[in-house]
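Colleague: Listed here are the chains, written in short residue letters.
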Amino acid sequence: MEIFTQQLINGITLGSIYGLIAIGYTMVFGIIGMVNFAHGDVFMVSAFIALITFLLLTTWLGISSVVVALVIVLLVAMLLTSLVNWTIERIAYRPLRGSFRLAPLISAIGMSIFLSNFVQVAQGPRNKSIPPMFEDVIVLMSGEGYDVAISYKQIAVWAVTAALLAAFWFVVSKTALGRAQRACEQDQRMAALLGINVDRTISITFIIAAALAAVAGTLYLMYYGVVSFADGFVPGVKAFTAAVLGGIGSLPGAVVGGLLIGLIETMWSAYFSTDYKDVAAFSILAITMIFLPQGLLGRPDVEKV
Amino acid sequence: MEGAGGKPIDVVRACKDTAVTALIAFGLFLPLIGFNTVLNIHNELILQTRWPLLAILVGVIAAGRFVYSVLIAPWLQDSNVWSRPEVSIAGGRLTKWLLPFILGFAVLYPALALWLAGFQGAVKWIDNFGVQILIYVMLGWGLNIVVGLAGLLDLGYVAFYAVGAYSYALLATTFDLSFWILLPVAGCLAAFWGVLLGFPVLRLRGDYLAIVTLAFGEIIRLVLINWVAVTNGYAGIASIPRPTFFGIPFNATDEGFAARFGLEFSPIYRTIFLYYLILALALVAAAITVRLRRLPLGRAWEALREDEIACRSLGINTTNTKLTAFAMGAMFAGFAGSFFAARQGFISPESFTFMESAVIVAIVVLGGMGSLIGVAIAAVIMIGGTEIMRELDFLKIVFGADFDPTQYRMLLFGFAMVLIMIWKPRGLIASREPSLLLGESPARPAHELAKAMQAAVVESKARA
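Sequences listed follow chains A and B, in order.
Residues in the first sequence are numbered from -10 upward in steps of one, following our numbering.
Residues in the second sequence are numbered from 3 upward in steps of one, following our numbering.
The hints are simulated quantities; they were obtained by calculation from the structure and are not laboratory data.
Since this is a predicted model, take the numbers as computed values, not measurements.
One thing to keep in mind: the hints can contain errors.
Short, incomplete list of chain B residues facing chain A, as computed with Cβ under 7 Å [said to hold, decoys possible]: (1) Ile35; (2) Val367; (3) Pro427; (4) Leu430.
Glycine included, every Cβ here is placed at the ideal spot set by N, Cα and C.
Chain A on its own, in the form it takes in the complex:
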């Protein structure tokens, strides 16, 4: 029971990070119907931006309060990652809009290869680690020789995720921007006729996706304290799995899917084997696709001739 509770806490933390990345996949897929393969690498780039900003703040500017530093890191990472993703969309995806079906996917795969190798060349292939922070834990309950604890780090991950998701939900459901976005998702030509700037809306979608990935990247760096150039692919695929599991195109689905994938992964590692935890995630992806292609909260895909 103690182990289960502990894994529940760990799983929700991991799941929050997956959920934040998954929203990026699901939003982009919803609006232009493309699997943004480079999104995992955008997440990795954001973690590097966070790492460099953090080092800049603590070692150069001498900011000693970790909370202040983290807030600034979060803002800088969101801003710069948005710029990165906006540029990627302009260079690699916009010229291919309305083109041959596979072209944007191949372009995205190329971008993914480019980003991870760019970071490898620019920052070196080694793992980059930062000193641990928020070491303290709160012991919730103790059983036979096993304490169930929640660390401040985990609380921070939960709090930031919840706050950002609330803000994000507000933007998508209550503002004109969110309405424009949902309109483009349903019918781009009609939205354009009604005076919505479709190109701009798509750009903003990429910016929001990147900002949420940057939050995930910052939290990932803070939680694990280490990042490398190759860290984009596996979290990216798992987040995509989460988006598919929740129903691609559905925003609450992405969050639910992320939490589920995080939970399944930690539970699998705790009760079965850590070696095969990625196999479990990939198998879930395949099984969902085959038996429940519309996902948990998605609309079924109607095939029209």
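Starting from the known structure of chain A, arrange chain B on it as the hints suggest.
Modeller: Frame of chain A, contents of chain B only:
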């Protein structure tokens, strides 16, 4: 100031564009290029600045943008280069012309390498360029059946390559069977896995299919890593028997190839043999593909690619059609895999990452899906291009001694993928020779037919 087409060039606007571009480039590269994270002597991560590099990069990008807005953009507007039709039928004629030259070059390549690079230098050129490129040509042609002909986007193709390689490695090291027996066995096993993994994804299409095949590819790789008892995990399988020249091994003994034929021993004979072996395998794959396209099965594949629903309503069994495509594609990957294992003598799961699948898919799509020549050209450009980065030592004179061009191989590979897609979204050779022309005598070439059709269209428009 006058532009190319007589229109004045808006220099103010170009300057503004340049300034905005420079600002964006500065924002993009400030963290990752401007700063470098290094470990100091206390093993702590510290920052070093690289301002000159950042300045050069931003300067180059800004200059490029300025040249683009002043010179290239007006020229593009004038010359309508973008409005030409994407699919040209003349391309078919071109490939017919090129074919004998390409084949001749492929056959004579080892001799050419020996002549130009000498006995010692040729090994590198035949092995790194010839054999390496031909492996990818073979894989590209195999995947071409699945992606190019049947239109099923498979991102886990490397799984079948791995099945072929591990089948040969395990069976050869455990049962001591020869390469020539195991080659078909590996192909059959890979085809079996193709059907096995193809079966659950029959209902999926497009991007969904791509992602599930990606998942399968990763699952197979993870199993190869973790099932240590059989596959030896990360350590891989070493001392895999090399292929023999129909029973004569390539070694320095009296029984070896060199001694038997009265030659001085040299590793080059094996390399040349491997080159012709993979060339033959690839050509067999190409010949089978060309023949299959004319059979009902090949027609069914192409019909499936164009429209699955129409295909089904015409009574084509889509299940069988898809499964045969998966099986054929996987079989060629199995051949290539067992050749790879035999050539390397050592395999590990590292060789079968998702990146390999992405590279093969990139070759097929960049080459123009369905075009065998296009796939071969794309393989030469992408693999040859990245291999040639190893040879660019003279760049060290320009960029300093610690400049290592090989680091930039995959970086440029990814960037080239994006650029080629933007330049030609349908691939380098977008035209496909129709396997059958209706209503015309077969003697009439395709481009004439197109001209006739165009004339008919113009005429009907003029009438209306």
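Colleague: It remains to establish, for every hint, whether it holds in the given structure.
Modeller: Hint by hint, here is what the structure shows:
1. Here the hint on B/Ile35 is kept, as its CB sits about 6 Å from the closest CB of chain A, short of 7 Å.
2. Hint status for B/Val367 relative to chain A: holds, with the closest Cβ pair at about 5 Å, below 7 Å.
3. Interface hint at B/Pro427: satisfied, since its Cβ lies 4 Å from the closest Cβ of chain A, which is below the 7 Å cut-off.
4. A distance limit of 7 Å between C-beta atoms decides the matter here; for B/Leu430 the minimum to chain A is near 13 Å, and the interface restraint is violated.
In summary, the one numbered hint that this structure violates is 4.
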